[in-house]
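Enquirer: Here are the chains, one letter per residue:
Number of protein chains: 2
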Amino acid sequence: MRSEFDFIQNIKRKFGLGRIGDDCAVLPKDSKTDLVVTADMLIEDIDFRLEWTTPKFLGQKALAVSLSDIAAMGGEPKWAMLSFGVPKKLWKTGFPDKFFDGYHRLSEKLKIEIVGGDVSRTPDKLVIDSIVAGEVPKGHAVLRSGAKPGDGIFVTGPLGGAAAGLVLLERGLRYSPTITSWQKTLLLQQLQPLPSPLGVELRKLGATAMIDLSDGLSSDLAHLCAASGVGAQISRENIPIERKISGLKFTDDEKFRLALNGGEDFELLFTVTERHASRLNKLPVTRIGRITADAGRIEILDDGVLKALPASGFRHF
Amino acid sequence: MRSEFDFIQNIKRKFGLGRIGDDCAVLPKDSKTDLVVTADMLIEDIDFRLEWTTPKFLGQKALAVSLSDIAAMGGEPKWAMLSFGVPKKLWKTGFPDKFFDGYHRLSEKLKIEIVGGDVSRTPDKLVIDSIVAGEVPKGHAVLRSGAKPGDGIFVTGPLGGAAAGLVLLERGLRYSPTITSWQKTLLLQQLQPLPSPLGVELRKLGATAMIDLSDGLSSDLAHLCAASGVGAQISRENIPIERKISGLKFTDDEKFRLALNGGEDFELLFTVTERHASRLNKLPVTRIGRITADAGRIEILDDGVLKALPASGFRHF
Chain D
675 MRSEFDFIQN IKRKFGLGRI GDDCAVLPKD SKTDLVVTAD MLIEDIDFRL EWTTPKFLGQ
735 KALAVSLSDI AAMGGEPKWA MLSFGVPKKL WKTGFPDKFF DGYHRLSEKL KIEIVGGDVS
795 RTPDKLVIDS IVAGEVPKGH AVLRSGAKPG DGIFVTGPLG GAAAGLVLLE RGLRYSPTIT
855 SWQKTLLLQQ LQPLPSPLGV ELRKLGATAM IDLSDGLSSD LAHLCAASGV GAQISRENIP
915 IERKISGLKF TDDEKFRLAL NGGEDFELLF TVTERHASRL NKLPVTRIGR ITADAGRIEI
975 LDDGVLKALP ASGFRHF
Chain P
675 MRSEFDFIQN IKRKFGLGRI GDDCAVLPKD SKTDLVVTAD MLIEDIDFRL EWTTPKFLGQ
735 KALAVSLSDI AAMGGEPKWA MLSFGVPKKL WKTGFPDKFF DGYHRLSEKL KIEIVGGDVS
795 RTPDKLVIDS IVAGEVPKGH AVLRSGAKPG DGIFVTGPLG GAAAGLVLLE RGLRYSPTIT
855 SWQKTLLLQQ LQPLPSPLGV ELRKLGATAM IDLSDGLSSD LAHLCAASGV GAQISRENIP
915 IERKISGLKF TDDEKFRLAL NGGEDFELLF TVTERHASRL NKLPVTRIGR ITADAGRIEI
975 LDDGVLKALP ASGFRHF
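Chains as they are written, first to last, in the numbering used here: chain D, 675 to 991; chain P, 675 to 991.
For the record, the hints were derived by calculation from the structure and aren't laboratory data.
Where hints are given, some of them may not hold.
The list treats identical chains as interchangeable, and a pair is accepted whether it falls inside one copy or across any two copies.
[What the hints assert, rightly or not] Once the Cα atoms are required to be at most 20 Å apart in a straight line, the calculated EDC-like pairs of lysine to aspartate or glutamate come out as:
1. Lys812 x Asp968
2. Lys763 x Asp719
3. Lys878 x Glu948
4. Lys762 x Asp719
5. Lys730 x Glu787
6. Lys688 x Asp775
7. Lys858 x Glu725
Please read all numbers here as calculations on a predicted model, not as lab measurements.
Chain D with its partners taken away, still in its complex shape (with noise of 0.2 Å):
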């Protein structure tokens, strides 16, 4: 079946519409500044199950996950709207007035202003659409479309946390206070995510293509190299993986598998010229890999092997 990836590289072409395709759309603001702004749907059943989360996390996880793109351009969150679509049967609960409270928390925690949205009623499922807008200096956007050759590829932070954290809601596990210590992190990476801190630093860095890993490493890499033309090689002995995914007792090749196609850590995906990247020397980041010229080939090196790697992240269609 077609991805919902086709599908929108499809009509970008047929229309020629040139802004659509990465985390955020660039458009001007005024003479020094540009606006990027973004969308993000949760669907529940899809995206969420209302058993396995609390209103509050869900309120907070749908602000952040748009405020994980607008990391991914470099740019600093401004404004937010927020349209949501509540069944009967939801309405008549708290859970609209707590679902806001964790979404209004996490707005005042980084001085985001909520200026709209709106509420509608649905037949039977909660639906979010999520919008955030913020700015970046007129022109320096990091886009997915700026990695070259020769490039290195870093990431922000260990992976696999949150695609652990679906595993333990999977096996039955729910958020309380009495679970242990690891469990509650890796829950709390899935239901309650914070986006990565770090975008506006690694735009003036010079970062030359920056993503964020919503969909999971081995398909944001091949949208990152696809945008850009280019192909890359990266060492599985470098990818850092959760350390708390340990309680899971799983083999060494699950929690590789976990890292690398799990998707939701909204961690970011870059890239940074060789001559750049020792400026990153002080930053919590990784490098796994370097760009190469080879477009499309997207190969990861494992136990001295060389092996091609194929994009196994989250698809809806």
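On the provided structure of chain D, position chain P as indicated by the hints.
Expert: Leaving out everything else, chain P in the frame of chain D:
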């Protein structure tokens, strides 16, 4: 049950969200311009039925409902984002492409750039969130809150046509080339509405307050009066009713209720001072009453008797 309007008023007060509650949020863009931005959800089986419409009509309507909000601020629409969640059974058909064709056709006609959005999967129902941004000269967005006692109250066109189209759909009529002309007019007002082209001109001519007629005249007038802290008296005999409704063989009272409470006409309701009312002479607008100082009291003169006018338009909850 608490309405969505109550929920919005509550979070507005509780969190001090000064920019929410109008047709669009107004945000500073540059030294001469403000940005006006809106989001509108359309949910299958709440706001539309797939068996009543076509993918192209629906795509166009998704954009039109948001353009109507931009018009209500006196704004020029500039760019748009579309989030849509599609069930797998619909994704496999040609639906997404035809829907986007309809959306794109209207955007192209009105020179609005499509800049982004999101594509998601849903378990069962189609959901759409339409986001549009426009521009107004700084400080000149026409708010709901600017009406003053003595201002004249006007509407931009005949009312009730979209609601009458809904009646025909409920009776089993479907759009086809062979239906009669009056039926076609009414169905298209429901299925393929167009935003009023008068928003910018009315701003320039001095509209003091404006709102689009999406919920229905009785409700939208109540919203405008609440935001302005005023009351209103309108006159039944002056309310323009879509002429084609006569095809329905409704009584005068039935026709009148469609015009008063029907919603989705996407005409504009606005106010102007007495001094500026004469400027409107050449426009296709109709004076229906005047603003009073009696905050919250909305009355209608009907057959020589002044009666309270309850807000009886569309509400989700």
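Enquirer: State for each hint whether it applies.
Expert: Here is how each hint holds up against the structure:
1. Taking the shortest alpha-carbon separations for Lys812 and Asp968, neither the intra-copy value of 31 Å nor the inter-copy value of 50 Å comes in at or below 20 Å.
2. For the identical chains of this complex, Lys763 and Asp719 are neighbours both inside a copy (16 Å) and across copies (16 Å), given an alpha-carbon limit of 20 Å.
3. For a Cα distance limit of 20 Å, the shortest separation of Lys878 from Glu948 inside one copy, 16 Å, qualifies, whereas the shortest one across copies, 56 Å, does not.
4. In this assembly of identical chains, the alpha carbons of Lys762 and Asp719 lie at most 20 Å apart whether taken from the same copy (17 Å) or from different copies (13 Å).
5. In this assembly of identical chains, Lys730 and Glu787 lie within 20 Å of each other by CA distance solely inside one copy; the values are 18 Å within and 35 Å between copies.
6. Proximity of Lys688 to Asp775 under the C-alpha cut-off of 20 Å is restricted to the inter-copy arrangement: shortest distance 10 Å between copies versus 42 Å within a copy.
7. For the homomeric pair Lys858 and Glu725, the shortest alpha-carbon distance inside one copy (17 Å) is at most 20 Å, but the shortest distance between copies (46 Å) is not.
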